[in-house]
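Please arrange chain B on chain A, whose structure you already have, making use of the hints.
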Amino acid sequence: MEHFEKNRCREQFPSSSFYRLVFSEIEEVGWEHLVKLADDLTYLSFRILDTKKQSHILEIHLPQNYPRHAPSISADVPYICELNWSASSRLNDIVHQFREHLGKLQEFWSILDNIDSILGVIDPRQPSRAASFRRINLGNDCSIVLSITAQSPRSLPECRFLGPSSLVNSLKKTWKRNYKRWMEDTPYVENLANVLETSLPRPSCVQNQQHQVECGICYVQYLPIDVELGAKSGSRPDYTCDNSSCSRAFHSVCLGDWLRSITTTRQSFDVMFGNCPYCSGPVAVKLNSND
Amino acid sequence: MTSSSAPSRKALSKIACNRLQKELVEWQVNPPAGFKHKVTDNLQRWVIEVNGASGTLYANETYQLQVDFPEHYPMEAPQVIFIPPAPQHPHIYSNGHICLDILYDSWSPAMTVSSICISILSMLSSSTAKQRPADNDRYVKNCRNGRSPKETRWWFHDDKV
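As you go down the protein sequences, you meet chains A and B in turn. Using my numbering, the first residue of the first sequence is number 109, and each one after it goes up by one. Using my numbering, the first residue of the second sequence is number 875, and each one after it goes up by one.
Any given hint might turn out to be false.
[As the list claims (entries may be wrong)] For lysine-lysine, the following DSS-like pairs were computed, each having C-alpha atoms within a straight-line distance of at most 27 Å:
1) B:Lys910 <-> A:Lys340
2) B:Lys1004 <-> B:Lys910
3) A:Lys160 <-> B:Lys1024
4) A:Lys340 <-> B:Lys912
5) B:Lys896 <-> B:Lys912
Because the hints were derived from the structure by calculation, they are not lab data. Predicted, not measured: the structure shown is a model, and the values here were computed from it.
Next comes chain B alone, as it looks inside the complex:
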């Protein structure tokens, strides 16, 4: 649902292209532990496989992240969602949207795809209960027209999980 309905995206700027190529090279040399970039020749959309860390609620589970880059990356955050089925987590909605401040208000160009991945894995790893956010149904219903999580006005929950 979310993957096909992204608004018609503009091609990456030269700056965005250069930067993503560097990030991809760096990723290939030094990938974050527990992640695998699924090779495509689309620089603007990365699909990344996440393996739940051992000893956590998500051990031995594999999920897929979809990362879409805006024309003016890294001035704007990439759009990062789980491709459903998304892991059951108090900050992850069943449509794959993730409530994580660095993906929205707290993004900075000092961050990278790799650092985002590490934040997401640490968010999964610190979870103590496999459950959806309390407002899951309402939120997902509101997003039915294919709204990007970047258009949501996020109210960030506690940072314990």
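Bound-form chain A, shown alone:
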């Protein structure tokens, strides 16, 4: 049995020279950017900051015959860049290309951020950076779904109207009549108002609050990158208080730390039971899910 395990390990894990290669390439990028690294080096991810200091997670899958074959990459972006890859390319080249790609996407994101901050966006509530559509409240139970082209974000978006059919029909007619008024250099929201011949309703305060996804304990969205946090490094709040009138978000790591630090917490197997620091409602957190 032991023998079998050993053999299997040998099959699964790459050679030491491969480890050296990958580690030296990670070093080039900087260990402080590394978020995850699979034991068998088939997968790793980096945190990359763009020019606006927004952080992005770049996930890289290394093929067995790396670096002869290009790795595959993925990230929370509307579209991913084509990798220029040669046998002498390194991880740092991927990071460079991805940074360039992020640069190209800045205009797209600034338009979407502008829409999110000014208009009553109904969907998506907590948009991912990849999401290129927005459903926007137009009042009278009508809404418009805009699909924004990430490659040319200022161009006339594809749209769909939702709501009572009589109102939707008149909105469609207005759009058809006016869509030529769309100017690429006019501010986006102004363009929409021009084409729809209406001022768009502003979001309510309630909607604004729903964008708040910071942890109620550490006050940040992303946990720091820290060896002690292991796989939870850099993660977002992953626990929400079940009490619907509270619904506070927490990192399970933070909530777990808090529950561990007080004496009233009860533990059963690997679950800690205690109270939400905000509403005192019951909470239950799995212990040390550090993998």
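What follows is chain B alone, placed relative to chain A:
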């Protein structure tokens, strides 16, 4: 006496640092009425000026609070004391220690420096007599070696004042 004798403190954790920076920004945008944060570049020790609310026993009086944050704030409460001379109050000892449950057993990370300040001011404002706790002398004598109030086993008095 109390300010210099705090046990050698560990530096703030990353989480504590982030959280305190946010609290400080929030404080600067929206400070609690009657309080002034004395600007220093020490994130781990805040000195805050308190002005007694008008119409209370402490009107026109100014005191200073010293707030020290532990390495694992907000999992642990900060240590909050008045820098002597402390206001005369039935729950405030002459060495500056404050008998207030939220600073010890009832602390929760949902609280902030700002909410602590408001609780302290409300404790001052509801006082009806300027006097020390009955056990002041005994308590202060016991603390002479520079013990932190967080090491005291507090028995909380009534919550009327």
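Structure-based check of each hint:
1. B:Lys910 <-> A:Lys340: Violated - the C-alpha atoms of Lys340 of chain A and Lys910 of chain B are around 37 Å apart, more than 27 Å.
2. B:Lys1004 <-> B:Lys910: Distance ~23 Å between Lys1004 of chain B and Lys910 of chain B Cα, so the pair holds.
3. A:Lys160 <-> B:Lys1024: Outside the cut-off at roughly 43 Å; violated.
4. A:Lys340 <-> B:Lys912: 36 Å, violated
5. B:Lys896 <-> B:Lys912: Holds, because 17 Å separates the two Cα atoms, which is no more than 27 Å.
Of the numbered hints listed earlier, those contradicted by the structure are 1, 3 and 4.
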